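Trainee: Please build the complex by placing chain V on the supplied structure of chain L, with the hints as guidance.
There are 2 protein chains.
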Amino acid sequence: MDRLNVGILLFDGVEVLDFCGPFEVFSRTRLEPGTASRQSDESAPFRVFTVAREKVEGTFDKDDDVVPVTATGGLRVLPDTAFENTPVIDILVVPGGVGTRSLLNDRLTLDFIRWASGRARITCSVCTGSLLLAKAGLLDCRRATTHWSSLDLLATLGKNIKVQKNRRFVDDGLVTSAGVSAGIDMSLYVVERLCGSKIASDTARYMDYRQMP
Amino acid sequence: MDRLNVGILLFDGVEVLDFCGPFEVFSRTRLEPGTASRQSDESAPFRVFTVAREKVEGTFDKDDDVVPVTATGGLRVLPDTAFENTPVIDILVVPGGVGTRSLLNDRLTLDFIRWASGRARITCSVCTGSLLLAKAGLLDCRRATTHWSSLDLLATLGKNIKVQKNRRFVDDGLVTSAGVSAGIDMSLYVVERLCGSKIASDTARYMDYRQMP
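Going down the list, the protein sequences come from chains L and V. Each step along the first sequence adds one to the number in the numbering used here, with nothing skipped, and position 26 is 26. Each step along the second sequence adds one to the number in the numbering used here, with nothing skipped, and position 116 is 116.
It cannot be assumed that every hint is accurate.
[To be verified] Cβ-to-Cβ under 7 angstroms is the rule here; a few derived chain L residues that face chain V:
id : residue
1  : V16
2  : L17
3  : E24
4  : S27
5  : V48
6  : P68
7  : G73
8  : R76
9  : V77
10 : L78
11 : A178
12 : V180
13 : A182
14 : Y209
Think of the hints as simulated: they come from the structure by calculation, not from any bench. The structure presented is a predicted model; accordingly, all values stated were derived computationally and were not measured. Cβ coordinates follow ideal geometry from the N, Cα and C atoms, glycine included.
With the rest of the complex left out, here is chain L (with noise of 0.2 angstroms):
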C-alpha cells in the first residue's frame, strides 16, 4: 500500500481536539502493529500534515514566515503548508470550531475544499466542518451529521441534505462526524475502511482508547 496524504485543514477558531483527534489517530497508525513499530515511520500508511489558508512562504522544509494559525482556548499551531502549495491530499479531514462561522462566506476556503475534495480518495470532517462541506455544494442530497448543537443550521447550508442524529458518523461518499470527540471514531473508521479492522483496533489500543458505537 503506498502512503497516503492526510491534509488537515487549519484555520483561526478551529476546536483543539477536532484537528488534533484525527491527526494522532492517522499520524499514530502503523501496519506493524505493538508500540516498537511507532518509534518510526516505517510502517506507518500515512503522512500527515496540516493546510491553512494563510500565506505560507516555502514548503514542508521552509517554514520561515508561516503564520501561525490560533486554535480555540488560544493554542499556536503553525501549518505545514498553504492552499497554493500543499502535496496531493489522498484524505482531507475538515475539523470544525467556532471559526467555520466567518468560512462559510470565504470563497478561498469554500474553493479550496472543493478542489481538494475532487481530487481526494476520501473527504471527512470533524464537529462543525461538515458545515463547510455542505457550504461548499459536497453535502448536497447525502446523509450527514455534525455537531449536537448545529444539526439544524446544517440543513440549511445545502440542497436536501440528510441531517442524521445521534450517530458518531456517517458515511454516505463523504464521512461527517459527531461533535469534537468524535472525530476520533470517525478518523479509527476511515483507517478500518483504508487498512482493515485489525490495523484500526491496534491503533484504538496504542491510544487506550474504546471506540464509541
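Mentor: The following block gives chain V in isolation, referenced to the frame of chain L:
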C-alpha cells in the same frame, strides 16, 4: 471561584493527543452550561497555557523568537511561555510521548516539574508523562499508572511506586492517567473535583465524549 491557571508542559516528541485532550477539556469548560457560554471566556474557570523548556523571549503578549515545539507526527506548536517566565500554575499537566525518554535525564525539566508541582494545587500526568513525575521523585510511595507499555518501566523510576494496571486514571495526591486518550477522562475527573459533576458532564457533552470507566 477564581480562575485557575492550567499549565501544560510541551516538549519535542510530546504525543499530540496527550496534551490536546487536557487542553480541550480545561479550555472549553464553562460554569454556564450549553454552547452559547463557550463563545466567550466569561464563565471559564480555567486559563490554559503551554509551557516549554525552550527559550522564549517575552511573555504571553510578545511572541517574537518563540521556538516551536515539534510533537509526535510533526505537529508544530508555539508554546505560550518558557519555564523561567511562567505565571503561577495551579494545575500542572505533564503529557507523555516518546520525547519523555530523553527528558528522564534532563535536570532542567525535572527541576521545573518539581518546582511547579510544589506550588500547584493539582499535578497530573497523561500516559508516559508519569515517568517524568516518577523520575522527579514525586510518585515515591504513591499509587500511579501510565501507558500499558510502560507499566514495568514506571515501577523502576522511583521508590515503592505502586503501579496500577487497567485503571483509566489514579488519584493518590498526584493524578496519573493511562495512555493517550485517557488524559481526556483524567482531565474531566479534575474538572469534576474542582467544579462538580454537573460542570464536568456538561463539558463532556459539549465534546460529545462519553467518559470511560
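Trainee: Hints first: check each against the structure and report whether it holds.
Mentor: Cross-check of the supplied hints:
At about 5 angstroms, the closest approach between the beta carbon of L/V16 and any beta carbon in chain V falls short of 7 angstroms, and the interface hint on this residue holds. The closest approach between the C-beta of L/L17 and any C-beta of chain V is roughly 4 angstroms, which is under the 7 angstroms cut-off, so the hint is satisfied. The restraint placing L/E24 at the interface with chain V holds, with a minimum CB-CB distance near 4 angstroms, inside the 7 angstroms limit. Hint status for L/S27: holds, given a least beta-carbon distance of 3 angstroms to chain V, under 7 angstroms.
This hint holds: L/V48 has a C-beta 6 angstroms from the nearest C-beta of chain V, less than the 7 angstroms allowed. Given hint, L/P68 at the interface with chain V, holds; its Cβ is 6 angstroms from that chain's nearest Cβ, closer than 7 angstroms. Hint on L/G73 holds. Least Cβ distance to chain V is approximately 3 angstroms, under the 7 angstroms limit. Below 7 angstroms, beta-carbon pairs count as interface contacts, and L/R76 has one with chain V at about 4 angstroms; its hint therefore holds.
Interface hint at L/V77: satisfied, since its Cβ lies 6 angstroms from the closest Cβ of chain V, which is below the 7 angstroms cut-off. The closest approach between the C-beta of L/L78 and any C-beta of chain V is roughly 4 angstroms, which is under the 7 angstroms cut-off, so the hint is satisfied. Against a cut-off of 7 angstroms between C-beta atoms, the interface hint on L/A178 holds, since the closest Cβ of chain V lies about 5 angstroms away. Because the smallest distance between the Cβ of L/V180 and any Cβ of chain V comes to about 4 angstroms, under 7 angstroms, the interface hint for this residue holds.
Satisfaction of the interface hint for L/A182 is found here, the shortest Cβ-Cβ separation to chain V being roughly 5 angstroms, below the 7 angstroms cut-off. For the restraint placing L/Y209 at the interface with chain V, the shortest Cβ-Cβ distance is roughly 4 angstroms, inside the 7 angstroms limit, so the hint holds.
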